[in-house]
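Protein sequences appear in the order of chains A and B.
The opening position of the first sequence corresponds to residue 81 in the numbering used here, with each subsequent residue numbered one higher.
The opening position of the second sequence corresponds to residue 330 in the numbering used here, with each subsequent residue numbered one higher.
Read the hints as simulated data drawn from the structure, not as lab findings.
Nothing here was measured: the structure is a model prediction, and the numbers come from that model.
A few of these clues could be false.
Unchecked claim - Derived coverage of chain A by chain B (criterion: at least 3 residues anywhere in the stretch with Cβ under 8 Å from a Cβ of chain B; other residues may be distant):
hint, stretch
1, 84–90
2, 161–174
3, 247–261
C-beta atoms are modelled at their ideal positions from N, C-alpha and C, and glycine is treated no differently.
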Amino acid sequence: MSLWIGVGVFIVAALLFLLIPLWRRKSALGRPEPMLPQGGRRAGVASEGGATKSAPVGRQSEIRWPTAGLLGVLPALTVGLYLYLGAPGILKEQALTQAQSNYDVDGMVKALEDKLKATPNDPEGWYALGRAYIAFERHAEAEEALRKATTQAPKDAKIIAQYAEAMALKQGRLDGRPLELIQEALEISYEETKALELAGLAAFQKGKWAEALHYWRRLLKLLPKDTEHHEAIAQAVTTAARKLDLSLGGTGMPPPPPPPAEPKKAPH
Amino acid sequence: MIPELGHVALIIALQLALAQGIFGLVGASRDKAAWMAMARGAAGGQLLFVALGFLALVWSFLVNDFSVMNVADHSSRFLPVEYRITAAWGSHEGSFLLWTLLMSSWTVAVVILGRKLPTDLHARVIGIMGLLSFCFLAYLLFTSNPFMRLHPPPANGSDLNPLLQDPGMIIHPPLLYMGYVGFSVAFAFAVAALLSGKLDEAWARWVRPWTLMAWVFLTLGVMVGSWWAYYELGWGGWWFWDPTENASLMPWLAGTALVHSLAVTEQRGALRVWTVFLALAVFALSLLGTFLVRSGVLSSVHAFALDPLRGLFILIFLGILIGASLILFARRAGAVKTAGDFDTISRETAVLTGNVLLLAALAAVLLGTLYPLILDAFGLGKISVGPPYFNAVFVPMMVPALLLLGIAPWMRWGRESLPELLPRLRWQAAAAVLIGLALPFAFAEWKWQAALGLALATWMILATISGLVIRRRTTGGLPLAAYGMGCAHVGLAIGIIGMGLVSAYQSEKTVAMQPGDSASLGQYEFVFRGAEEVPAANYSAMRGTIELKRQGQAVATLLPEKRIYRSSQMTMTEAAIRYGFVGDVYVAMGEPLPGGVWSMLLYLKPFVGWLWGGALLMALGGLLAALGLRNKGASE
Chain A
81 MSLWIGVGVF
91 IVAALLFLLI
101 PLWRRKSALG
111 RPEPMLPQGG
121 RRAGVASEGG
131 ATKSAPVGRQ
141 SEIRWPTAGL
151 LGVLPALTVG
161 LYLYLGAPGI
171 LKEQALTQAQ
181 SNYDVDGMVK
191 ALEDKLKATP
201 NDPEGWYALG
211 RAYIAFERHA
221 EAEEALRKAT
231 TQAPKDAKII
241 AQYAEAMALK
251 QGRLDGRPLE
261 LIQEALEISY
271 EETKALELAG
281 LAAFQKGKWA
291 EALHYWRRLL
301 KLLPKDTEHH
311 EAIAQAVTTA
321 ARKLDLSLGG
331 TGMPPPPPPP
341 AEPKKAPH
Chain B
330 MIPELGHVAL
340 IIALQLALAQ
350 GIFGLVGASR
360 DKAAWMAMAR
370 GAAGGQLLFV
380 ALGFLALVWS
390 FLVNDFSVMN
400 VADHSSRFLP
410 VEYRITAAWG
420 SHEGSFLLWT
430 LLMSSWTVAV
440 VILGRKLPTD
450 LHARVIGIMG
460 LLSFCFLAYL
470 LFTSNPFMRL
480 HPPPANGSDL
490 NPLLQDPGMI
500 IHPPLLYMGY
510 VGFSVAFAFA
520 VAALLSGKLD
530 EAWARWVRPW
540 TLMAWVFLTL
550 GVMVGSWWAY
560 YELGWGGWWF
570 WDPTENASLM
580 PWLAGTALVH
590 SLAVTEQRGA
600 LRVWTVFLAL
610 AVFALSLLGT
620 FLVRSGVLSS
630 VHAFALDPLR
640 GLFILIFLGI
650 LIGASLILFA
660 RRAGAVKTAG
670 DFDTISRETA
680 VLTGNVLLLA
690 ALAAVLLGTL
700 YPLILDAFGL
710 GKISVGPPYF
720 NAVFVPMMVP
730 ALLLLGIAPW
740 MRWGRESLPE
750 LLPRLRWQAA
760 AAVLIGLALP
770 FAFAEWKWQA
780 ALGLALATWM
790 ILATISGLVI
800 RRRTTGGLPL
810 AAYGMGCAHV
820 GLAIGIIGMG
830 LVSAYQSEKT
840 VAMQPGDSAS
850 LGQYEFVFRG
860 AEEVPAANYS
870 AMRGTIELKR
880 QGQAVATLLP
890 EKRIYRSSQM
900 TMTEAAIRYG
910 FVGDVYVAMG
920 EPLPGGVWSM
930 LLYLKPFVGW
940 LWGGALLMAL
950 GGLLAALGLR
960 NKGASE
């Protein structure tokens, strides 16, 4: 880890700043000292090496103890304080985020295409590719990929619903074939979230408020709470409920305006 | 990676500062040369690591690393590069990092330039500075860490306070901090003197250049702050008696007193205890100023740190520092031998009287600044103490001090006879009274502020210069420090001319103008040519064009701006100023009114530039004196 190498270099440098003066002083002390005039120190003019009164034994401890103490304390305290105050984990997280954002999404799609060319019998692969195409708004290719997926896995509600969405996105409306596919998916599984969402939307577009509410309320129970998706559907439920209320109250509202929501473009 | 290394560097600097403090002080008291040497090494290491930390922060600002919280909070992608660098000290955290960097720079300067000091005194001074650095670094790391991280980082930062996006802000805080921190050297010397009981003329000779340099920086810092307020805040004033301004004025007043009493201690050995007391007080006031500005107790443009924990830390630090140094002072001041007898009438007395007046003025400012805060803290109501109070108490105390300033350099050390001295100054006094009375008639009307300012300034200039001339003639040459004194005193006089004239004769007018309108003020006519939108990288501005005419002749085009800063959506007034030797013309845009009409604030500010010119001269004088004393010290 390069951070810890840096920390190590810093600690060594800091120790050098402290220990070099300490040990240089020691080697100077090892030499015979010049005689100092008596009382020189008291007059405040004594030279730096002028302290002569301690015995050599005292000298040794004067240097040994600080050295040992610093060698032990400084690295430990530096690492300890940094782990307490700093954010060493952020480097790993940043590297991860960096890797993710650098990940070549086009490359990923390309790799998937190549893989499917080599082994075309892979409904999950076609499904993933279809969703990727939808994300890039390549709707025609998405429809084609998901068509292949449905032919390979005709009973997979998730894939059928996704195929319906791609088709609706391509033609710009849910009516017709997409709606049939949605019903087909719901017949296979009444818990398929994408199908429930699209079915609700189709009903909403036709002004069938109660029907829209039925699908979306069911969907709401399936979605994990505190997600953007859950929130969006909850809001749609509120809107539909209000519309239903208005229409039942006989306020004489004109037929509902064109659908407020397009089919969601990005896959969830 | 870089911010993390910066963080580690500060953690290491903290430990080096502690080692510097312990080994310096214990080494000096136990006479261990190796430990004292280690304290010096620690000081060098501390500077290196604090500088690395500071560079890491600047680097984070430069590359827009918004994962550093401090960068995300105080910069933005729209911010020009130069302000991205200065934003590094535009925040609370960054400015304290700058403070610590300057502190360790001063320490290394003391290590290098103080090599000729007695080893134990040198080590004590370094040790005390180490302990101070330790406190600042601990404060920085534990309450105001500039390297807090954000993950995931925001896409953009929330921008630097637009008030700080200004060239004045690039230099104002560093200068001010150089002053504040520089006084820590005098503080450390004072504590070392108390610890060792050794305080003599030699001590004063070592401390003087350091104190003078700190004073020079503080003078420049206060000056730039005042100038910045003048052109950036758009109110046209140069001193508002705002608590944050007072926070820098108080250490300046005490520092000015210290510079003078140090001179007495060095030359005559007198006023030793007083000098030590001032050295302790100046640094305590510097810290108090920082506490006031940085803790958030004052809500003003400076109080960007609204965290009570930080205030508490500084308050405790301040309490310990002031308490400990006063206890030390009380116990040890008796050990400092007093010397240098002087008579009631002498130069020593004159300096001491000037000192007392400065401190009395300081006490008045302190009271006016703290009293509203204390009332507020105890829930006794909010009051605001404004310019009327400060002018009423400050001016009467400064007038006798300024009169003394003219006389003191003429007086002999030890003993002076007034009946002999005063007649020698009669011409200077007469000229001052005459000019003070007569010159205001040259303006629109006779006003006492102008008369007082002009009389005082004339007195100071004539007495100072004639005094120096006579001294030069009798001694056959002047030391550099004497020229420094003359320069500083004349600078103060020039500043006083500016203060007197601008407060007596400034005129202002607020007018609503639509394109084509004109308004007149004094001899000037202001023609509004319209306002247009001018986009810039980090703000968009409405820029008004005003043609300035004098006696029908166009003399200048003024372009005041009203800016809206993109990231913060703050509105700023950028005044247009035509600087002049005898006065400024100052235009600020007010609010836009319906129908392309703008309210405009027009000001005429006679002689306002003399204020800052005078302050510059004072700083130059301080610099000359410091250099002179340093050379003198080196040659001995």
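To see whether the hints hold, each was checked on the structure:
1. 84–90: holds (count 3)
2. 161–174: holds (count 10)
3. 247–261: Violated: only 0 residues of the stretch 247–261 of chain A have a Cβ under 8 Å from chain B.
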